[in-house]
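K.L.:
So you can see what is in the structure, the chains are spelled out below.
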Amino acid sequence: MSDGGALPTVADALALGLTRAEYELVCEKQERVPNQVELAMYSLLWSEHCAYKHSKKLLRTLPTEGEHVVMGPGENAGAVDVGGGLVCAFKVESHNHPSAVEPFQGAATGVGGILRDIFAVGARPIAVLDSLRFGEPAGGGDGRPAGRARYLLDGAVSGIGHYGNSIGVPTVGGEVYFEAPYEQSCLVNAMALGLAPRERLMRSAAAGPGNVLVLFGASTGRDGIGGASVLASAELTDEREGGADKRPTVQVGDPFEEKKLLECSLELLDRGLVVSLQDLGAAGLTSSASEMASKGEVGIDIDVARVPLREPGMEPFEVMVSESQERMLCVVEPANVAAVMELCEKWEVSGAAIGAVTDTHRMRVLRDGELVGDMPVRALVDDCPLYDLDPQKPSQQIYPAPAATLTPGATPRQTLLALLSSPNLASRRPLFEQYDSIVQSRTVRRPEQADAAVLLLPDGSALAVSIDGNGRRVAADPYRGTIAAVLECAANLACVGAGPLGTTNNLNFGNPEKAHIAWQLTEAVRGLGEACRALEAPIVGGNVSLYNEGASGPIYPTPVIGMVGRLPDARRAGRLGFVRPGDEIALVGPFEPSPAASELEKLRGEPLPDGLADIDIEAVRAAQIAVRDAVRAGMLSSAHDIAEGGLAVALAECCLEGGVGADIELVLTTGAGAGAALFGEGPGGFVVSGERDALRKLGETAAVQRLGTVGGQELTITVAGAGAGAGAGAGVEAGAGVGVEAEIGVEADGDADGDAAITISISLAELAGAHASLRELFS
Amino acid sequence: MKFGVLQFPGSCDEVDALGAARRVGDAELIWHGERDLKDAEAIVVPGGFSYGDYLRAGAIARFSPAMESVIAFANDGGLVLGICNGFQVLCEARLLPGALLANTNLRFTSRQVDLDVVRCDTAFTRACEPGRRLSIPAKHAWGRYYAEAESLAAMQDSGQVVLRYGPGENFNGSVGDIAGVCNERGNVFGLMPHPEHAVDELVGGSADGLEIFESMRLAVEGVRV
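Listed in order, the protein sequences are those of chains A and B.
Numbering of the first sequence is given in this note's numbering, commencing with residue 286 and proceeding in unit increments.
Numbering of the second sequence is given in this note's numbering, commencing with residue 72 and proceeding in unit increments.
Just chain A, same shape as in the assembly (with noise of 0.2 Å):
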């Protein structure tokens, strides 16, 4: 065999990310010291990108069965049942690190990537969510200058539309979060749904010894060379340094060449052409024939001189590591070839057959038929050491407290406006108007009408999707902020009346191999696990992406949970904005608010706290299905679910959504607190508006507490009962009530005497002012 120039070192390998041991294991498995494309492959393939060899442990505890589930972890794509003979394949993936060295680029490949891997499955995409991360908009994060944050949100907004408007598939809903430790460190994970006939749904098991190896799509190129290993598994070093040096590592997307790539593969099934098919992701050609190989039980031979190049030289362990985009890899029958190359042309994607499938149970790498990489499959694939995590609770909390924005003194007034204005809780509307939500005629809900999109389906039916995970929450208390997280997505498939079919998850942590990180990851895991246990929606897929840290530290550890439920009648899909003056209005289930790393104590600057309250995940259940079943038997004119900012917070969003005002009464009876009652955070608790009749019938199967009615022009809100002036002046320790939490000083806006009640009363356009303060963002 050739032996590709001089050997490489031990120096190579750790200088491509391997440890001594990991090296020394290598030479074992190939029973002597590999060549340069031998080390190139392993390197990769050992990586945590792809071997997840600090979190396979853990995500094998996670509950992956269920009564929906088709096809479960390990394809490209999960895929749950949807009736009619359809299923749905869905998945969330991360693309972090790209994004943040090139954010237009980096999100526009993410987008691409995460499609793939639905086209990858026989699916054609449906619907595509983003879930991201940024510093604070206002700058303050590290001490660098406003504006990273800023280009981040920009460059990655306009890279997610660029990609999914081109193609063709409706982006139907998202998240984003500002907060100082994804400074440096930002998150870009993207969701895809895609639909197929059940009968076409396809695996990526190579099979068939002799059958013929096709490379279609794009050429290959030298970009994205070792983004896996170099990029995803090391921590990003300041930017002036790696940030430069890795830019031409971040790949490059053609929309328009996966576009009609996607068409091509899905006609390709259709007319069942393959055997198998594969995307090409993160480590290109090695991680995808390799896999293909593996979970065939078989043996692979590529011809790297059968390549179609994009640039002339390269070597061997190039074309085999290229990220390049828009590719995607396949076995075919010898006699379906030649259908196959015709159906590439009609489609102008040029296909190469560049190998064979082989009983070798090796991957070997040919150039011009000479032997230049000969390895075991199983070793490459399979035999990567896995970690046993080192987790330890920190003695203290680990992150800052956030740089106060709201004097302690605001008035209930000022603080619901501030909370309505913060970045985090602002309309999206300034982002999601940069996509097409609406484009092959399916989005029964956009983007802010309700709690979760909805998608018809052909029989009347509909999807509904939501993707969630409040990192802040996970970081005062990993297990339950994840339970939260999930709890958050159901609630929003209950306000449109779904329920969950399964879950994807993208885990964003920081360095595993640190005790305190590797406590919350496994922390997290256990509680998104039981989570997903209690509510039956097992987990079809995911993605991890660790190493979120920089010199300032690890990002919030931060579960993105992505959620597909069913509901019966599309048309009686829940929103979420108040619809008919008159309406009377009820806050639903079990909810316990607590300021505890709410938004509002965010605003004031006060550290994350140890801890956040027990859960009871069955009883915020059975108010979701109560919910749910309303919004089915159409007896709601309304439902969203409560989330950041609290009850004020909601009331004030329906009120803009639908148009219209509301007059609340909130009687306060637990003895927390006119603030925590306003602003206080926890799951459980919806807020609903429908006929007297229909809320008191609702009030059988959840409790179900009367605030008001819909009507007028203005969100007016007054807390009478005990103690509702309570708090006035910062700080007050209220102590009564709610777990651990300290009152939080709300100053009545007339007499700050303990007893007095506390009214709010703000008009629709102030509240819609202050909630588009995001605009100026784009401007």
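Don't take every hint at face value.
[Claimed, not checked] Derived lysine-lysine pairs resembling DSBU-like cross-links, with alpha carbons at most 35 Å apart: (1) B:K109 to B:K73; (2) A:K342 to B:K109; (3) A:K342 to A:K580; (4) B:K73 to A:K631; (5) A:K580 to A:K338; (6) A:K799 to A:K341.
[What the hints assert, rightly or not] Stretches of chain B that chain A covers, calculated by requiring three or more beta carbons in the stretch to come under 8 Å of a beta carbon on chain A: (7) 77 to 87; (8) 123 to 132; (9) 144 to 152.
[Claimed, not checked] FRET-style restraints, in silico, Cβ to Cβ: (10) A:T645 to B:E139: 52 to 58 Å; (11) A:K631 to B:R94: 27 to 33 Å; (12) B:R204 to A:A620: 57 to 63 Å; (13) B:E139 to A:A918: 35 to 41 Å; (14) B:R94 to A:D744: 16 to 22 Å; (15) B:G244 to A:G890: 53 to 59 Å; (16) A:S1046 to B:R94: 43 to 49 Å; (17) B:R94 to A:D854: 53 to 59 Å; (18) B:G244 to A:T690: 51 to 57 Å; (19) A:P597 to B:G148: 39 to 45 Å; (20) B:G104 to A:H646: 41 to 47 Å; (21) A:G694 to B:G202: 50 to 56 Å.
Worth flagging that the hints you see were computed from the coordinates, not collected in a lab.
Quick caveat: nothing in here was measured; it's all calculated off a predicted structure.
Where is the CB? At the ideal position from N, CA and C, for every residue including glycine.
Chain B: place on chain A using the hints.
P.N.:
Frame of chain A; chain B shown alone:
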């Protein structure tokens, strides 16, 4: 009657247009490489990013074999509707006057807009009541209609301005709030908003766009207003 809906590599809204057309008649896709218009009695050039919008939106599609046939069809008086990218293609093909420039905000923008029907007597708007205002989604990055003053005046005189954005709705900066124009003969019509996405209350926010397709059916079947 039968609609033909063109399909280019990079078309995105062709299936939506096909579905909209099928609500009022038959419809079939026509592949960009084909010259045969399959006996279609009206043509829809759909939205999307034909040929990736490379070079300039619509600039490459205009030279496709199917478009050669469409140009001949239009010159024979056949009805041609261009939506969004299709409008750009028809301007590039000089079947319609003017051009589409980048939105003034320089961003892809997606919004439900109100459109005032300026003329209810064209082949594309005859199903609309006089004074009709249509609620239709628009979504594009290059939708700012532009024509030189002289040409605008001529269009005005010959009644070629068919749709205008309602008050406050012209987010792309189109000259004279122009949203849709026809040729002098009145058989070719282009607009940036997407009537094919407003044919069903459930997913379109309104069904107002159906009136455009219904108008075309009436015109083809010889129903006068």
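K.L.:
Evaluate each hint against the coordinates.
P.N.:
Taking the hints in turn, this is what the structure says about them:
1. B:K109 to B:K73: holds (9 Å)
2. A:K342 to B:K109: Between K342 of chain A and K109 of chain B the Cα gap is close to 59 Å, so the pair fails against 35 Å, i.e. violated.
3. A:K342 to A:K580: holds (19 Å)
4. B:K73 to A:K631: Holds, at about 26 Å.
5. A:K580 to A:K338: holds (18 Å)
6. A:K799 to A:K341: holds (17 Å)
7. 77 to 87: holds (count 7)
8. 123 to 132: n = 3 at 8 Å, threshold three: holds.
9. 144 to 152: violated (count 0)
10. A:T645 to B:E139: 52 to 58 Å: 53 Å Cβ-Cβ, so the 52 to 58 Å window holds.
11. A:K631 to B:R94: 27 to 33 Å: Given a distance of about 29 Å, which is inside 27 to 33 Å, the answer is holds.
12. B:R204 to A:A620: 57 to 63 Å: holds (60 Å)
13. B:E139 to A:A918: 35 to 41 Å: violated (56 Å)
14. B:R94 to A:D744: 16 to 22 Å: Holds, since R94 of chain B and D744 of chain A (Cβ atoms, about 19 Å apart) stay within the stated range.
15. B:G244 to A:G890: 53 to 59 Å: violated (42 Å)
16. A:S1046 to B:R94: 43 to 49 Å: holds (47 Å)
17. B:R94 to A:D854: 53 to 59 Å: For R94 of chain B and D854 of chain A the Cβ distance comes to about 21 Å; the hint is violated.
18. B:G244 to A:T690: 51 to 57 Å: With a Cβ separation near 35 Å, G244 of chain B and T690 of chain A fall outside 51 to 57 Å, so the hint is violated.
19. A:P597 to B:G148: 39 to 45 Å: violated (54 Å)
20. B:G104 to A:H646: 41 to 47 Å: holds (44 Å)
21. A:G694 to B:G202: 50 to 56 Å: holds (54 Å)
The structure fails hints 2, 9, 13, 15, 17, 18, 19 (numbered hints given earlier, in ascending order).
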